[in-house]
Amino acid sequence: MTQLQARGLVRSYGPTPALRGITMEVAEGEIVAVTGPSGCGKSTLLHCLAGILRPDAGEVAWRGHRIDTWSEAARSRLRRTEFGVLFQFGQLVAELTAAENVALPLLLAGTGRRAARTAALTWLDRFGVAELADVRPGEMSGGQQQRCATARALVTEPRVLFADEPTGSLDTLTGEQVLTQLVRLAREQRTTVVLITHEPRIAAYADREIVLRDGVIDHTGLGLDAAPVTGGVR
Amino acid sequence: MSTPHVLLGLLAGGTKHGYDLKRAHDERLPQARPLAYGQVYATLGRLVRDGLVAPAGQERLAGPDRTAYALTEEGRDALDLWLSTVEPPMPHVNSTLFAKVVVALLVADVTRARTYLIAQRRAHTDRLRELTALKTNPTATVDDVVAADYAIAHLDADLRWLHTTLDRVADWHREVHR
Ligand SMILES: Nc1ncnc2c1ncn2[C@@H]1O[C@H](COP(=O)(O)OP(=O)(O)OP(=O)(O)O)[C@@H](O)[C@H]1O
Ligand SMILES: [Mg+2]
Chain A
1 MTQLQARGLV RSYGPTPALR GITMEVAEGE IVAVTGPSGC GKSTLLHCLA
51 GILRPDAGEV AWRGHRIDTW SEAARSRLRR TEFGVLFQFG QLVAELTAAE
101 NVALPLLLAG TGRRAARTAA LTWLDRFGVA ELADVRPGEM SGGQQQRCAT
151 ARALVTEPRV LFADEPTGSL DTLTGEQVLT QLVRLAREQR TTVVLITHEP
201 RIAAYADREI VLRDGVIDHT GLGLDAAPVT GGVR
Chain B
1001 MSTPHVLLGL LAGGTKHGYD LKRAHDERLP QARPLAYGQV YATLGRLVRD
1051 GLVAPAGQER LAGPDRTAYA LTEEGRDALD LWLSTVEPPM PHVNSTLFAK
1101 VVVALLVADV TRARTYLIAQ RRAHTDRLRE LTALKTNPTA TVDDVVAADY
1151 AIAHLDADLR WLHTTLDRVA DWHREVHR
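So the protein sequences, as listed, match chains A and B. Everything in the first sequence is counted per our numbering, starting at 1 for the first residue and increasing by one. Everything in the second sequence is counted per our numbering, starting at 1001 for the first residue and increasing by one.
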């Protein structure tokens, strides 16, 4: 079944066009990498697909329901219950411990305290940071924070995970460990993943790669259309 | 790759038959081209001739393939020397991939070079994905992971080069044909 669908997405920031007509689909359980040079519109696309931003034109559908026309409240509920979002710098709540951070999405969704804590501990353990349960982000390394943030993004067992450069701030080995575990769990739970990256080796974790260039999908994957052709010059 | 030194290394832990050597080689270097038996025995023959390895054990009567081999004193020295010698870091750019782009620009136009770069990028990306799947498979051994890592790092570097060269190819062609 199609999990996400975008048709003719257009989005500008003032006079700056960020997306200039994106049409794409992501199947249930599929892991798709979105790549392309800096400024090509990757984050804007992710925000539109996740219902954080509204496109100026075009449609976004989740499991066949058009969501871009929904109210902010309805979209925000969708993000709490069905989607998980993960950014480059984990964005944990500084005042809360790791376990409280991870439990937070469950509490917001109405899960009881005890059950939320138990689930949080399970997910921290899956990312190898169970011993940090009662530690606050300020006392953790970047890699540890990102493991907690990944646990938090998956604790609600979302149908779709949106990850924007999730390992961009980590060293190669740490990034790889986080990503390997993320992909393994996503596959186990048939979670659909939209993974943004500009690194080929990260994109290789996905089933498929969508390459953006100047706000559109670059079908050659190499910017052939955008590059000047000067063949025949002698 | 220096197969003689790899065989010396595999013999450092104790006497082995040619068959064991082949198996150990393929297991420790999982992404290398598997060794053919002929190659194992030819290499052992040269190592014996040079006094780095000697036949050992009483099974010689049963035929050459049953002979066990052991590292000699000289063999151990040769192995130590090899292990303590730093490899020259890329003294020459001897890549066929690189040469092909150069030649494409010489004999044809930018489009030809670009078409090649795009096809090569696709092949590299497919292989990168294949190796990533292999190494993230829960049954992967550390041998598998380390070997895959080596190939992944090199493919990743090639892909970066393919990307930047694609952006430079028009300028490059102009300069070549000035
Ligand atoms: N909040 C904003 N206000 C104004 N312009 C913006 C804003 N966010 C993005 N842009 C512009 O929109 C375009 C696409 O930006 P976007 O962040 O989607 O790119 P990206 O592919 O995620 O880049 P990067 O790899 O650097 O994160 C860029 O030209 C950028 O300058
Ligand atoms: Mg971005």
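Honestly, I wouldn't trust all of these hints.
Said to hold, decoys possible - In silico SDA-like links for lysine to any residue, alpha-carbon gap of 20 Å or less:
{"id": "1", "chain 1": "B", "residue 1": "Lys1135", "chain 2": "A", "residue 2": "Ala27"}
{"id": "2", "chain 1": "B", "residue 1": "Lys1135", "chain 2": "A", "residue 2": "Ala130"}
{"id": "3", "chain 1": "B", "residue 1": "Lys1135", "chain 2": "A", "residue 2": "Asp164"}
{"id": "4", "chain 1": "B", "residue 1": "Lys1100", "chain 2": "B", "residue 2": "Pro1055"}
{"id": "5", "chain 1": "B", "residue 1": "Lys1022", "chain 2": "B", "residue 2": "Asp1144"}
{"id": "6", "chain 1": "B", "residue 1": "Lys1100", "chain 2": "B", "residue 2": "His1154"}
{"id": "7", "chain 1": "B", "residue 1": "Lys1135", "chain 2": "A", "residue 2": "Thr81"}
{"id": "8", "chain 1": "B", "residue 1": "Lys1135", "chain 2": "A", "residue 2": "Arg184"}
Calculated directly from the structure, the hints in this document are not laboratory data.
Hint by hint, here is what the structure shows:
1. B/Lys1135 to A/Ala27: The hint is violated at about 24 Å.
2. B/Lys1135 to A/Ala130: Between B/Lys1135 and A/Ala130 the Cα gap is close to 25 Å, so the pair fails against 20 Å, i.e. violated.
3. B/Lys1135 to A/Asp164: violated, 23 Å
4. B/Lys1100 to B/Pro1055: Distance of about 46 Å is beyond 20 Å: violated.
5. B/Lys1022 to B/Asp1144: Holds. B/Lys1022 to B/Asp1144 sits at ~17 Å (cutoff 20 Å).
6. B/Lys1100 to B/His1154: Distance ~18 Å between B/Lys1100 and B/His1154 Cα, so the pair holds.
7. B/Lys1135 to A/Thr81: Judged against 20 Å, a Cα distance of about 32 Å means the pair is violated.
8. B/Lys1135 to A/Arg184: holds, 12 Å
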